[in-house]
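**Student:** So the chains spell out like this:
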Amino acid sequence: MLNKKELQALLEKALSTGADFAEIFQEDNQSSVLRVMNGEVTSIDRGNVFGAGVRLIQGIDEVYGFTNDVSFESLQQVVTNLSASFSGPLFKAKKLGTAKPYVDAIKRPMDSVPMAEKAAKLQELSNIMKSHDPRIVQAMAQLIENRQTILVANTEGIYQDDVRTYTRVIMMAASMENGQMQQAYEGPGRYMGFEIFDELDFKSLAKEVAISSITLLTAEDMVPQVMPVVLHNAFGGVIFHEACGHPLEATAVAKGLSPFVGKLGEKVGSDIVTAYDDGDVEGAWGRLSFDDEGMKTQKNLLIENGVLKGYLIDYRNARKMKMDPTGSGRRQSYKFSPTSRMNSTYIAPGKDKFEDIIKDTKYGLFAKKLGGGTVVPATGEFNFAVMEGYMIEDGKLTRPVRGAMLIGHGKDVLFKIDKVADNLEFGQGMCGSLSGSIPVDVGQPTIRVSSMTVGGAGGKK
Amino acid sequence: MYTNWIKLGLSKGITDLEIYAVKNRSLKLSVYQNKLDQHVQSNVESVTIRGIYQNKLSTVRFENLSDTNVSQMLDQLIENAKALTVVEPAIIYEGSPSYPEVHEDLFDFQSVPVIEKINLLKTVEQNILSCPDVSQVQTTMYQEVETKTALVNSKGLNLSRHQSYAYAYAIGVFKRGESDIQTAYDIKLAKKFSDFNPVEMAKTTIDLGVAKLGGKTIKTGSYPVVFNNEMFSDMLNVFSSIFSGEAAFRNMTPLKTKVGEKIFDAKINLINDPLHQDAFFKLPFDDEGVACQRRHVIKDGVFTGFNHNLKTAKIFNTAPTGNSFGSGIQIANFVLEPGTKGFDELIKDIEDGVLITDLVGLHAGVKTISGEFSLQAAGQKIEHGKIAYPVKMIVVSGNFFEMMNHIVGIGSDLKFNLSGVASPAVHIESLMIGGE
Chain C
1 MLNKKELQAL
11 LEKALSTGAD
21 FAEIFQEDNQ
31 SSVLRVMNGE
41 VTSIDRGNVF
51 GAGVRLIQGI
61 DEVYGFTNDV
71 SFESLQQVVT
81 NLSASFSGPL
91 FKAKKLGTAK
101 PYVDAIKRPM
111 DSVPMAEKAA
121 KLQELSNIMK
131 SHDPRIVQAM
141 AQLIENRQTI
151 LVANTEGIYQ
161 DDVRTYTRVI
171 MMAASMENGQ
181 MQQAYEGPGR
191 YMGFEIFDEL
201 DFKSLAKEVA
211 ISSITLLTAE
221 DMVPQVMPVV
231 LHNAFGGVIF
241 HEACGHPLEA
251 TAVAKGLSPF
261 VGKLGEKVGS
271 DIVTAYDDGD
281 VEGAWGRLSF
291 DDEGMKTQKN
301 LLIENGVLKG
311 YLIDYRNARK
321 MKMDPTGSGR
331 RQSYKFSPTS
341 RMNSTYIAPG
351 KDKFEDIIKD
361 TKYGLFAKKL
371 GGGTVVPATG
381 EFNFAVMEGY
391 MIEDGKLTRP
401 VRGAMLIGHG
411 KDVLFKIDKV
421 ADNLEFGQGM
431 CGSLSGSIPV
441 DVGQPTIRVS
451 SMTVGGAGGK
461 K
Chain R
1 MYTNWIKLGL
11 SKGITDLEIY
21 AVKNRSLKLS
31 VYQNKLDQHV
41 QSNVESVTIR
51 GIYQNKLSTV
61 RFENLSDTNV
71 SQMLDQLIEN
81 AKALTVVEPA
91 IIYEGSPSYP
101 EVHEDLFDFQ
111 SVPVIEKINL
121 LKTVEQNILS
131 CPDVSQVQTT
141 MYQEVETKTA
151 LVNSKGLNLS
161 RHQSYAYAYA
171 IGVFKRGESD
181 IQTAYDIKLA
191 KKFSDFNPVE
201 MAKTTIDLGV
211 AKLGGKTIKT
221 GSYPVVFNNE
231 MFSDMLNVFS
241 SIFSGEAAFR
251 NMTPLKTKVG
261 EKIFDAKINL
271 INDPLHQDAF
281 FKLPFDDEGV
291 ACQRRHVIKD
301 GVFTGFNHNL
311 KTAKIFNTAP
321 TGNSFGSGIQ
331 IANFVLEPGT
341 KGFDELIKDI
351 EDGVLITDLV
361 GLHAGVKTIS
371 GEFSLQAAGQ
381 KIEHGKIAYP
391 VKMIVVSGNF
401 FEMMNHIVGI
411 GSDLKFNLSG
421 VASPAVHIES
431 LMIGGE
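Line order of the protein sequences matches chains C and R.
In this text, residue positions in the first sequence follow my numbering: the first is 1, and each later residue adds one.
In this text, residue positions in the second sequence follow my numbering: the first is 1, and each later residue adds one.
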């Protein structure tokens with residue numbers, strides 16, 4: 001990586017034609033994916049993303065360039081090309097400051113753990129799933145490790161490095177009976193090293209995945225209907241992520257493309273809904289010490305007792321919106337200009353008990369495990385898939401159902417939340433948007449939505 | 001440079017190795033409210049090395065091309081290969097006897113001044129804004145990409161591919177009243193800059209958006225369904241992994257024991273057609289250096305065999321099909337053979353049905369191994385053989401394998417998607433629609 005003196009020189013050059021802000025982001029990301037299938041180590045792939053991105057801004061206009069040739073001469077050329085876009089009065093770059101300490105409390109970094117130890121852990125998980133039932137035809141366990149070293153420097157004097165360590169284990173079991181196949185999976189991840197195996201009970205999770213895969217073989221197709229839906233904790237939070245999280249990002253708000261534009265201080269949901277996006281939850285998959293613009297991450301209140309309190313804002317959109325950035329500037333890699341993104345987003349715990357919510361529901365769907373979703377912020381229309389569901393009849397969980405898809409509208413779904421339990425948990429996922437694919441937590445306690453459109457293939461005459 | 005890396009690898013004890021290097025140059029521009037909103041230029045070279053060590057094949061990918069890093073990556077490749085327990089064929093290919101020739105004049109998009117590209121976007125935006133139903137244009141985007149791919153290995157293979165293309169689109173926001181908001185866009189792919197026609201691009205986007213306004217949900221129930229050509233391409237694309245030899249080997253497809261059997265309606269012909277004349281990217285060879293070839297995957301409803309890379313071909317004792325792309329097996333221009341019916345004729349016998357023109361969330365609402373799908377959709381109601389009114393916020397659900405056995409008709413309007421899948425519109429007997 002370039003030294004401070006070189007960075008300072010490049011930043012000064014970047015302001016030589018009229019840009020009023022410049023930033024250089026350098027990255028070296030090492031990753032490893034170890035895969036075990038039916039007990040055998042089938043592949044171990046190593047990856048290395050390496051390069052630098054340069055950003056120039058004048059007012060709210062931005063140009064960005066990136067390359068994997070990080071020599072001073074090469075970046076000088078990038079700066080020359082980019083600065084040609086601007087002309088105007090000259091601004092002066094501040095002197096680069098001193099980097100603040102970042103949290104790097106990793107106990108077992110990826111390259112310190114013997115490959116044989118990693119393989120053995122994963123093989124054990126694969127074997128637990130495979131031996132659960134002869135109908136399990138494929139049991140996959142995958143270890144994904146990432147160590148991203150970054151350095152961001154800008155003309156406001158920010159000079160900040162950070163090392164982010166992510167470890168994730170994906171478990172998938174495929175089952176087959178009478179020519180029909182099903183699959184189930186879990187993918188817990190943390191901002192930590194191989195010590196994740198001391199923190200989480202992967203063996204129980206592997207067993208759960210196998211059970212879920214077998215349950216789905218006998219589940220009935222969901223009959224489409226409009227009904228109350230109880231969304232379980234952890235990954236159930238995907239509803240807030242899609243319905244509200246994305247539409248609260250400055251990328252949508254600054255262009256007026258969100259049902260939440262101009263609604264700060266207004267009621268956007270029922271009284272029992274309070275929600276946060278926190279960039280600094282210890283050990284959380286979605287955490288960062290500093291965001292990709294070098295700003296310290298923070299806990300952002302989004303909604304308090306149903307009232308809209310804040311948006312997620314990056315440096316450039318802060319200028320457009322004339323508001324402060326919220327430490328939410330993120331990007332997949334140097335190949336993306338940063339923009340406002342989520343970290344660990346969740347609905348805060350309420351007072352209800354999970355068991356009581358089920359008991360209180362005469363008829364509905366219990367969405368135990370949720371899959372991915374989508375939202376179009378401009379229209380507010382969102383959807384997300386149910387991986388494992390059960391019918392609720394007379395306050396009891398009865399038959400398993402599969403293939404349910406939930407759809408709704410961001411501006412009214414929060415008003416329909418009529419129960420919030422006290423069992424907050426996080427679920428981990430990769431979120432794709434303008435600045436690429438990044439690790440995020442979704443989270444919530446079990447909640448009930450009084451009425452949702454549920455799709456499915458069942459009930460065909 | 002590559003030859004030196006191969007020498008270095010061999011000197012470390014790697015038996016055979018292969019370098020797959022991609023040089024990518026791109027320019028991305030976007031316009032918002034008649035101003036340049038985004039301007040991104042890039043130059044990146046990324047390298048993948050596959051190597052065989054003690055009969056085990058392992059892969060490293062990297063962008064730090066310094067000698068020190070390359071040497072470290074090769075050491076890592078050896079470490080990783082040592083830890084593999086599986087016994088599978090490990091092959092680096094000496095090359096196919098011959099390769100199809102691709103004749104294409106590559107346009108140099110850099111020869112067009114940036115200002116002309118920005119003006120194109122501004123014109124598209126202005127033209128869309130001239131429609132009274134448009135409240136704004138969310139973004140108007142142009143991207144040009146040039147890639148040079150080299151495949152060099154220790155068995156003497158030395159191949160290269162060169163591609164150059166650009167695409168542009170605008171996302172229009174259409175609004176009537178307070179609550180009727182819709183977005184629409186149409187991606188225009190171009191092999192040369194003059195292929196872009198801003199007036200036409202704006203018109204297509206406006207037509208798509210206006211057709212969506214006034215949409216409402218419909219009663220839940222089972223309906224005859226027509227997917228338009230783009231949406232059926234998307235469906236074929238997400239389910240294409242069921243034809244992968246790797247999936248068969250890993251028990252991840254229900255088709256494992258079905259080779260030679262009739263699995264779909266006899267009207268279905270699905271063809272891997274790497275050099276199809278309308279394809280955006282013509283593929284002479286795959287990422288392992290195997291010559292690409294035209295091949296029926298489904299012939300008159302009969303499954304003729306899986307798509308294979310070198311490894312799975314060896315396992316199933318057959319020839320590789322030239323389908324090794326990325327890190328797995330993928331389709332190489334996949335075409336559903338069109339029928340003869342025009343669109344109007346395709347829908348003329350539908351009394352009460354639904355035309356699907358939008359599917360949202362294909363990454364989540366599809367389970368390829370079971371064939372189940374359940375997807376947020378929008379489109380048009382079909383009544384008495386004609387388009388009646390727009391439909392939105394519905395969920396279309398069914399099973400891919402069942403659906404492919406209940407094909408009523410296949411249209412003639414074949415269209416390639418960016419994914420390399422081409423399909424005409426297809427009329428399905430019935431699917432469940434979740435609405436109100």
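What the hints contain is simulated information worked out from the structure, not anything from laboratory work.
Beta carbons are placed, not taken as given, at the ideal position from N, Cα and C, and that holds for glycine.
Some hints here could point you the wrong way.
Unchecked claim - Below 20 Å or equal to it, Euclidean Cα-Cα: the simulated SDA-like pairs (lysine to any residue) are:
| # | chain 1 | residue 1 | chain 2 | residue 2 |
| --- | --- | --- | --- | --- |
| 1 | C | K263 | R | S179 |
| 2 | R | K258 | C | G459 |
| 3 | R | K219 | C | R135 |
| 4 | R | K35 | C | G18 |
Stated by the list, open to error - Stretches of chain R that chain C covers, calculated by requiring three or more beta carbons in the stretch to come under 8 Å of a beta carbon on chain C:
| # | stretch |
| --- | --- |
| 5 | 32 to 38 |
| 6 | 158 to 169 |
| 7 | 288 to 295 |
| 8 | 355 to 368 |
Unchecked claim - Per the computed footprint, the stretches of chain C lying under chain R, defined by three or more beta-carbons under 8 Å from a beta-carbon of chain R, are:
| # | stretch |
| --- | --- |
| 9 | 45 to 52 |
| 10 | 393 to 406 |
**Student:** Flag every earlier hint the structure violates by its number, smallest first.
**Tutor:** 2, 3, 6, 7
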